[in-house]
Amino acid sequence: MDSTARRGLSGRGAIVGVGRTRMGKMPGTTALGLGLEALSAAIDDAGIDKSEIDGILTHPGTTSREGANHYLRFAEAAGIDPRYAGSKSMGGATAGALVQEAVMAIDAGLATTVACVFGDAALTGGQRFNSPNGDPGLSWGIWGMFGPQANSALGARRHMSLYGTTSEQLGAVSVTFREHAQNNPDAVMFGKPMTLEDHQASRWVVEPFHLLDCCLISDGGVAIIVSSAERARDLAKPPVHIAGMGQGYTARKSEAEDWWYLPHQKAVLDEVWATSGLGPRDIDVAELYDNFTFSVLLWLEHGGFVKRGESGAFVADGNLKMGSTLPTNTHGGSLSDAYMQGWTHIVEGVRQIRGEAGARQVPGAETCLTTGRGMALNTASALVLTK
Amino acid sequence: MTYDKPLPIATDGSGPFWDACKRHELTIQECTACGHRRWPIGPVCTNCLSPEHKWVVLPGTGEVWSWIVYHQSFNQTWAPDVPYNVALVRVDGAHTMISNLVEADLDAIEVGQRVEVVFDDVTAEFAIPKFRPVV
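Sequences listed follow chains S and Z, in order.
Here the first sequence is numbered in the numbering used here, starting from 1 and rising by one per residue.
Here the second sequence is numbered in the numbering used here, starting from 1 and rising by one per residue.
If you are wondering where the hints come from, they were derived from the structure by calculation, not from laboratory data.
Each residue gets a CB set at the ideal place from its N, CA and C atoms; glycine is no exception.
Do not take every clue at face value.
[Unchecked claim] Sample of chain Z residues with no beta-carbon within 12 Å of chain S, all distances over it, derived:
1) Lys5
2) Lys22
3) Arg37
4) Glu52
5) Lys54
6) Val57
7) Gly60
8) Ala124
[Said to hold, decoys possible] Derived list of chain S stretches under chain Z, where covered just means 3 residues or more per stretch with a C-beta under 8 Å from a C-beta of chain Z:
9) 81-87
10) 118-126
11) 141-148
12) 198-209
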């Protein structure tokens, strides 16, 4: 890494409060209500008064109806008149991108305390994860390509063909995160261990993905409160500094023959290493976006934790387990905690850096990489969090 | 004749592509200002933003870039076809295109398998390009 690269706003912002609701199947809940419940929990965690929040950034859930105006309805329902507000829809990359936008707004003097919020009743509220892939004018539904698995499955198949990656190696990711979820009482799969045999025996969904290669669509909400690092020193919890920030996009997907390998993700991780001044060997704990098992393999290769094509063997060797090289998705991830479009990964990173992760605490964790990706592979964001 | 699966929407922009498919020709837009071929169909060149273009006929050959098999239906019109495949094909002289593999033994398919276009005349208005292995 080029250690003289620009550091941007490295270390100028901090996460001062996090909140998450119960997650799973919760009939009667709404995207709006869950987001508000998470906001309340994050305010309590930060030890601040609601009146101190002067920025609202939201990620509309799949069951939110407000579209680009979501922030206005959310702020109305929360009883907050913000100085700075907005909504972003980058799928699983939104959480990281909103935290970055909060840091930018605060550094520019447009706000002092920004709440970033997500809520979704995706499991019970009629989620729309079955839509056709592709462009509206040339829908890939013409060829039967529907649902969120397809793009990742195409990448996984090519990775398997080129590098010998196996379904059992993908299963190792799933089994590892399920083990971690046994230390997280809030996880949907707490108390429900699984084996590699369970993974292999689970039905195909979109081959090469078995059911247990896929995340847990859930109802729930998450909120993250950001302030300046300076102000964070006076608040209730130890500040968690935002040391690295990056985001990236592949829009010209069909014209990029390496689209399946997600070149923008490599760029995003190069960016977080450049802005944080850290590299893969400096990371104590990782919370990597895992809508499908295969996603984790690409993050490891893009982040330089392993070379291209070597991630399958790396995960099968147990390197993501607690007490190993790179403890990853210590909360159980989207595969075994709950799928919250990447939001829970940042919350878990904050708790690890604070040292409040209880039975799943990585001893002495001072650095954490969090990642997110969305919109049928084409957006990505990442953060490096430090003590 | 009833074909209830999603059909293309022929617009001012995409009409020439689907008209060519009816003639069993696979075509692509080529910018007459800079020569770049763009995919998917779009109003301007993705390289130089010029709207000027011509449609060129491709040889219709390519290679399998990747493929997947649906064992679960996400759309009821495709449910009777389960299990069915969706493929990413790198088309010679063009870019990567989503399609289906036909007349193919999926257990024998590898990345890099050579394929050629065939047209499925699904309705009187539309023929859908698909690919079969070149033996």
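Item to check | Violated hints, by number in ascending order, as checked against the structure | outcome: Of the numbered hints given earlier, those the structure breaks are 1, 3, 9 and 10, listed in rising order.
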